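Peer 1: Throw the hints in and build the complete structure from the sequences for me.
Counting from 1, one number per residue, gives the positions in the sequence shown under the UniProt record's numbering.
The hints are simulated quantities; they were obtained by calculation from the structure and are not laboratory data. Predicted, not measured: the structure shown is a model, and the values here were computed from it. All residues carry an ideal CB built from backbone N, CA and C; glycine is no exception. All the given hints hold, so there is nothing to weed out.
Result set (BS3-like, lysine-lysine): computed pairs, CA atoms no more than 25 Å apart in a straight line:
no., residue 1, residue 2
1, Lys63, Lys81
2, Lys63, Lys150
3, Lys193, Lys150
4, Lys63, Lys193
5, Lys81, Lys193
6, Lys63, Lys37
7, Lys188, Lys150
Cβ pair distances, simulated, as ranges:
no., residue 1, residue 2, range
8, Arg127, Gly187, 33 to 41 Å
9, Thr36, Asp98, 18 to 26 Å
10, Trp215, Asp98, 46 to 54 Å
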Amino acid sequence: MPRRWSRPSHQTRLPSWSSRSRAKPGVVIPPAGYFTKVRELCTANNVMLVLDEIQTGLGRTGKLLAEQHEGIEADVTLLGKALSGGFYPVSAVLSNNDVLGTLRPGQHGSTFGGNPLACAVARAAMRVLVEEGMIENAARQGARFLEGLKDIRANTIREVRGRGLMLAVELHPEAGRARRYCEALQGKGILAKDTHEQTIRIAPPLVITSDQVDWALERLATTLTQDFS
Numbered sequence: 001m002p003r004r005w006s007r008p009s010h011q012t013r014l015p016s017w018s019s020r021s022r023a024k025p026g027v028v029i030p031p032a033g034y035f036t037k038v039r040e041l042c043t044a045n046n047v048m049l050v051l052d053e054i055q056t057g058l059g060r061t062g063k064l065l066a067e068q069h070e071g072i073e074a075d076v077t078l079l080g081k082a083l084s085g086g087f088y089p090v091s092a093v094l095s096n097n098d099v100l101g102t103l104r105p106g107q108h109g110s111t112f113g114g115n116p117l118a119c120a121v122a123r124a125a126m127r128v129l130v131e132e133g134m135i136e137n138a139a140r141q142g143a144r145f146l147e148g149l150k151d152i153r154a155n156t157i158r159e160v161r162g163r164g165l166m167l168a169v170e171l172h173p174e175a176g177r178a179r180r181y182c183e184a185l186q187g188k189g190i191l192a193k194d195t196h197e198q199t200i201r202i203a204p205p206l207v208i209t210s211d212q213v214d215w216a217l218e219r220l221a222t223t224l225t226q227d228f229s
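Peer 2: Here it is, written out as structure tokens:
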């Protein structure tokens with residue numbers, strides 16, 4: 001069944017279903033088949049599927065886009081952050097003509113939209129991402145990192161989860177807040193982010209090597225078994 005979108009006006013609105021891979025809440029990985037089912041439901045009900053890949057896109061999870069892990073294609077995909085390789089503020093909306101074609105020329109504009117420098121930087125960053133094999137490296141080193149985290153024997157750890165180089169260690173409540181572990185890791189040369197009080201979020205650069213993964217795992221193991229009482 002083809003999807004049909006109306007031209008936006010005061011009388012009509014585009015239906016939308018907004019969903020995303022949950023990075024900020026602590027790298028919550030949806031069960032296998034979740035987004036496939038969401039895609040099917042949206043298609044069956046003529047609802048637009050919008051995915052926020054600002055954190056998960058562009059190689060972070062070991063695929064160009066996280067939605068590719070289930071072989072689906074959103075009607076609208078949002079990108080940003082890594083799109084410029086950290087050099088310039090730029091974001092983008094990926095979609096098809098069925099969706100974007102509902103906007104007439106001149107109907108939508110932005111003061112900073114289409115900035116030529118931002119576009120040039122983004123194009124260069126994308127070439128580096130693909131030509132230097134960073135996506136494949138994220139998948140390979142992410143698997144190594146995840147297995148290494150799972151091998152850490154520490155009473156503080158409740159769960160380890162991740163996909164590619166987007167990883168998280170959730171702590172038991174009695175272990176205390178994740179922030180103090182992140183502060184201890186900073187002292188050892190590792191920058192990690194605490195989120196939702198009990199979770200340590202780890203997002204290494206896509207150029208990380210096997211030796212650097214092992215170096216980080218050694219310090220994580222020491223920190224996670226440390227007595228903070």
